[in-house]
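Please construct the entire structure, taking both the sequences and the accompanying hints into account.
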Amino acid sequence: MSNDNVIEVKNLTMEYSTRKGNVSAVDNVSFSIKRGQALGLVGESGCGKTSIAKSLLKLLPDNAMIQQGQIVLNGKDMVPLSETEMRTHRWSEISMVFQAAMNAFNPVYTVGDQIIEAIETHLPKVTEAEGRAKIETLFRMVGLAPEMMDRYPHEYSGGMRQRAVIAMALSCDPDIIIADEPTTALDVIVQDSILKEITALQENLNMSMVYISHDVAVIAEVSDRVGVMYAGRMVELADTEEIFIRPIHPYTYALMQSFPSVTGPKKELISLPGEPPDLLHPPKGCRFHPRCPNRIEQCDQEQPEWKDYGNNHFCACWNPMEVN
Amino acid sequence: MTSNTSNSGAQTSSVWKARWALFRKSAAANWALFAENPVGLIGLGIIMFFFLLVIMHPILLNTVWDPNIYNPINGFDPQSPVNPSPPSLRHLLGTAPQGQDILSQLMFSARNEFILAVLAAVVTVTIATTLGAVAAYYGGIVDNIIMRVVDLVIMVPALSILIVISGLFELSIVQLAIVIGIISAFSASTVVIKSQALSIKVKPYIEAARVAGGGDFHIIFRHLLPNLMPIALLYMMFAVTGAIFSEAVLAFLGLLEVDMSWGIMLNTTRTLGYMLDFNTKWYLIFPAGLSITLLSSAFYLVGRALDEIVNPRLRQR
Amino acid sequence: MWSYIGKRVFQMLITLVLFQIATYILIDLQPGDVTDLFVGNPNITAAERQRIAADLGLDGPLYERMWNYLTNFYTGNLGVSMVQYPRPVGEILAQRLPRTLALFVYATVFSFWFGYVAGKFLAWKRGGRWEYATTIVGVTLYTIFTPLLGYILLWGFATKLDKWVRNTFGIDFDLPVSKFSSTSLWRKAPYDTNTVFNWMNLNFIILVVIVLLAFFLSRYVPRNRREFLRVASMTVPFALSLVWWIFFSGVGIYAWDLVIHLFLPILTLTLISFGGNMLLTRTSMLETLREDYIETARAKGLPEKIIRNRHAARNAILPVWTALVFSLSSTISGGIITETVFSWPGIGEILVDSVSNSDFPVAMGALTVIGVMTLVAHLIVDIGYAFLDPRIRVH
Numbered sequence: 004m005s006n007d008n009v010i011e012v013k014n015l016t017m018e019y020s021t022r023k024g025n026v027s028a029v030d031n032v033s034f035s036i037k038r039g040q041a042l043g044l045v046g047e048s049g050c051g052k053t054s055i056a057k058s059l060l061k062l063l064p065d066n067a068m069i070q071q072g073q074i075v076l077n078g079k080d081m082v083p084l085s086e087t088e089m090r091t092h093r094w095s096e097i098s099m100v101f102q103a104a105m106n107a108f109n110p111v112y113t114v115g116d117q118i119i120e121a122i123e124t125h126l127p128k129v130t131e132a133e134g135r136a137k138i139e140t141l142f143r144m145v146g147l148a149p150e151m152m153d154r155y156p157h158e159y160s161g162g163m164r165q166r167a168v169i170a171m172a173l174s175c176d177p178d179i180i181i182a183d184e185p186t187t188a189l190d191v192i193v194q195d196s197i198l199k200e201i202t203a204l205q206e207n208l209n210m211s212m213v214y215i216s217h218d219v220a221v222i223a224e225v226s227d228r229v230g231v232m233y234a235g236r237m238v239e240l241a242d243t244e245e246i247f248i249r250p251i252h253p254y255t256y257a258l259m260q261s262f263p264s265v266t267g268p269k270k271e272l273i274s275l276p277g278e279p280p281d282l283l284h285p286p287k288g289c290r291f292h293p294r295c296p297n298r299i300e301q302c303d304q305e306q307p308e309w310k311d312y313g314n315n316h317f318c319a320c321w322n323p324m325e326v327n
Numbered sequence: 002m003t004s005n006t007s008n009s010g011a012q013t014s015s016v017w018k019a020r021w022a023l024f025r026k027s028a029a030a031n032w033a034l035f036a037e038n039p040v041g042l043i044g045l046g047i048i049m050f051f052f053l054l055v056i057m058h059p060i061l062l063n064t065v066w067d068p069n070i071y072n073p074i075n076g077f078d079p080q081s082p083v084n085p086s087p088p089s090l091r092h093l094l095g096t097a098p099q100g101q102d103i104l105s106q107l108m109f110s111a112r113n114e115f116i117l118a119v120l121a122a123v124v125t126v127t128i129a130t131t132l133g134a135v136a137a138y139y140g141g142i143v144d145n146i147i148m149r150v151v152d153l154v155i156m157v158p159a160l161s162i163l164i165v166i167s168g169l170f171e172l173s174i175v176q177l178a179i180v181i182g183i184i185s186a187f188s189a190s191t192v193v194i195k196s197q198a199l200s201i202k203v204k205p206y207i208e209a210a211r212v213a214g215g216g217d218f219h220i221i222f223r224h225l226l227p228n229l230m231p232i233a234l235l236y237m238m239f240a241v242t243g244a245i246f247s248e249a250v251l252a253f254l255g256l257l258e259v260d261m262s263w264g265i266m267l268n269t270t271r272t273l274g275y276m277l278d279f280n281t282k283w284y285l286i287f288p289a290g291l292s293i294t295l296l297s298s299a300f301y302l303v304g305r306a307l308d309e310i311v312n313p314r315l316r317q318r
Numbered sequence: 274m275w276s277y278i279g280k281r282v283f284q285m286l287i288t289l290v291l292f293q294i295a296t297y298i299l300i301d302l303q304p305g306d307v308t309d310l311f312v313g314n315p316n317i318t319a320a321e322r323q324r325i326a327a328d329l330g331l332d333g334p335l336y337e338r339m340w341n342y343l344t345n346f347y348t349g350n351l352g353v354s355m356v357q358y359p360r361p362v363g364e365i366l367a368q369r370l371p372r373t374l375a376l377f378v379y380a381t382v383f384s385f386w387f388g389y390v391a392g393k394f395l396a397w398k399r400g401g402r403w404e405y406a407t408t409i410v411g412v413t414l415y416t417i418f419t420p421l422l423g424y425i426l427l428w429g430f431a432t433k434l435d436k437w438v439r440n441t442f443g444i445d446f447d448l449p450v451s452k453f454s455s456t457s458l459w460r461k462a463p464y465d466t467n468t469v470f471n472w473m474n475l476n477f478i479i480l481v482v483i484v485l486l487a488f489f490l491s492r493y494v495p496r497n498r499r500e501f502l503r504v505a506s507m508t509v510p511f512a513l514s515l516v517w518w519i520f521f522s523g524v525g526i527y528a529w530d531l532v533i534h535l536f537l538p539i540l541t542l543t544l545i546s547f548g549g550n551m552l553l554t555r556t557s558m559l560e561t562l563r564e565d566y567i568e569t570a571r572a573k574g575l576p577e578k579i580i581r582n583r584h585a586a587r588n589a590i591l592p593v594w595t596a597l598v599f600s601l602s603s604t605i606s607g608g609i610i611t612e613t614v615f616s617w618p619g620i621g622e623i624l625v626d627s628v629s630n631s632d633f634p635v636a637m638g639a640l641t642v643i644g645v646m647t648l649v650a651h652l653i654v655d656i657g658y659a660f661l662d663p664r665i666r667v668h
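Residue numbers (the numbering used here), protein chains in the order written: chain A, 4 to 327; chain B, 2 to 318; chain C, 274 to 668.
Source of the hints: derived by calculation from the structure; they are not laboratory data.
A few of these clues could be false.
Here are the simulated distance ranges between beta carbons [stated by the list, open to error]: (1) T91/A x M49/B: 53 to 63 Å; (2) T281/B x R460/C: 26 to 36 Å; (3) Q176/B x N440/C: 50 to 60 Å.
The structure displayed is predicted, hence computed values, not measured ones.
Ideal placement from N, C-alpha and C gives every residue a C-beta, glycine not left out.
This is the structure we're talking about:
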């Protein structure tokens, strides 16, 4: 892997310990993101997308533990860092746009105050006036009136709040931004305009991004590269066009088929039978095998290898879809 | 459940059987939840301990204890002419300034506390659930009137009213229980029960009952009230805590004409000026004072444990 | 905002009148009247008694007597005490009101503040022996029989601690066990007790206002001086006023006498309300810590202290503040008990006293004053909530 990678995740494994046993939420996941690149993580709910996002920021609940692996951010491994050391890297290098933007702001402070707070913490030399000027620029960038910064979160509409969350994520000039289903709670029209804004910002500011969604169409729109998650594991990783043209893993294939395409030719939607496995007792071998149409004997015995299929296309499958 | 009351007897009994089975099942599940919580078990243990004292008292008076000596109200022991006397084998907790056995007083008073507690709790819950359900169901002017009265009562410290009432009228334990019950009904319990009733009122089965032709009365008593019972039970426990506390304070201030209670015991100690002799006369202060504290906190603890069952979001994960 | 306050004041007045009507009817339910005192007197015939009753306005119908009572009340005439005849009720209550008010305000402020701070730290450092111990202490203080706590404190401070101080340091501390002031000391005093006491209260209010102002103004001060300004506002004026009382006021010794008399009642009442406030803040804080904006604050890389104080505790205070509506009444009830236990002459003590002596004009006056106190306290809590929660403030 080359050195222009902003973040490199190697063999990341994260578990939650619960009363009933350990839940392996993220199992042996590796990927890397170059400067200015957007990686989309796609998968059904509960497949470990959000767990990865929280692991990257090390924003984990008390019962979660990173068992092994490395998260190398700008050349430095984050995993062994203490909470206090980690704090200096958050937001200034890696920031996040949250899933539930409705409650991402503290209701008793103005939005501007909550953004200034982050700037004060990470850029102590910036004065209050400079901070406010910066927020004004950010607000204009995300399409908000600058005077909104002195308003309280309850005076914002849902879409405005999401824009403000994006402005806040950009406030300390991070190298990489994690967007965790930022548009899920919004109505379709607002969704679309925010999606466009995120893409534009990410390209203009030459930022890297991890975009998490269960919606294949959204992922296709924003990301340069796509990682497909299933039950805590990454099953396929390739450039966006490549993966849409040539899906290798049967799950990726099923996922592509289960979403309609407005512009493309009419096709029958295929829905995948069954449900994702219980991560307390994940199935042996490939975790997808109980639902897989291409299952062979090997599948329930051994974990498939992470293989390179050329053209920067990786997949873990014993019996891949026809590779042409 | 059917709203048709013209069922045959056999059918009705089978409905009740099913209900009983359901009740037993949910009771067992709730008990399992309750038993998980040490706080509630401690409270229940204390309540059972005091209940044991209540049961033991008449038995002791008829067997081991000479009723003349151990009478809680006017007993006197010729063998210990100097009173108050510290604990001894004959008087396990010593004797009161007028010569009664303190343990006997304590046990006898416990009975009064339970009568008071149960009565006040029943009065509170009956009034509060009815008011809450009616206010939520009818809304509008009925709701407005009930809530304004509740506001009025919440705003005034209950104790000051109780002091004036007990100064004006000589209240018995039963009357006092009713007064305390009424005052504590018009308070937080009605407000909370009403908000609970409001959330039940919009449930589909209420709509279904109305479509099936159920009258207001039927819906309130058959559908609304049963679902309010858990939260009412919770407020029952807090009402008991308040009732025991208020009775003790009034008796302690010398405003209550009951024959014997923990508050009266403390009042005697106070009026005779023994309150500051902790080193020598602790047995005049602690048994009664601790009993009041323990029993009222026991009901509070049970209430808190029930709170965690009724409000699942409080449960620890 | 102002229309809201106006509306609330109007509501409050209606509530007060309703309350007075209710208490009047309650007292009227009692059989007989004042002239029953003359029943055994052979010099006063039944006709004479009727004439006295008519003179006193006791023979009219209920509504007429009630109207008289209410109009008298709102023109400042609260009647005359029967036990301390002919002292006006208004005068008796006016003498005691500042004391009860001070006891109530100090105990509420202290218990709220300490309960809030303790609950905040408890929720932050979850688990372990500390949590068990403090929960037990909290529940004990919340449910303990108020007089028992009062007497335990009396014994601990006025007996045990006094003896220990005398034996160890050779100082006669002599913490008083009852009353508002030492009569022998005040005989030579240049002012009466209430004058000095009111100066002290005024001083306290000024200190509080300075701290509040400093916290408000600290927003407009450069970041690195904020902490300094806040700490200074809490310490410097306090030290200055201490110096003034000791060296320049000339009544330092009298003020000290009032303070040591006030100490135990305030401590008792504070401890009683403290338990509930601490437990509630803890629960509320635990709920708040699960909110999304706490995770946002963590993700922003804010220091733990700022997450705890600025984000979690600031929101956790809202339900505790709302619960003040219920706990105010119980603090006032606790105040009545505390005053009686320490024979501390306030409104609560005179209420119990007058009821025991059937001095109903005084009892009625005291009850009304307590009612007004609670109503005003509620109003202040409501307005305070609007300042704490911007979601309410705007509308």
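Structure-based check of all given hints:
1. Between T91/A and M49/B the C-beta distance comes to about 57 Å, which sits within the given range of 53 to 63 Å.
2. For the hinted restraint 26 to 36 Å between T281/B and R460/C, the CB-CB distance of approximately 35 Å keeps it satisfied.
3. Hint check: Q176/B to N440/C, Cβ distance near 52 Å, so the stated range 50 to 60 Å holds.
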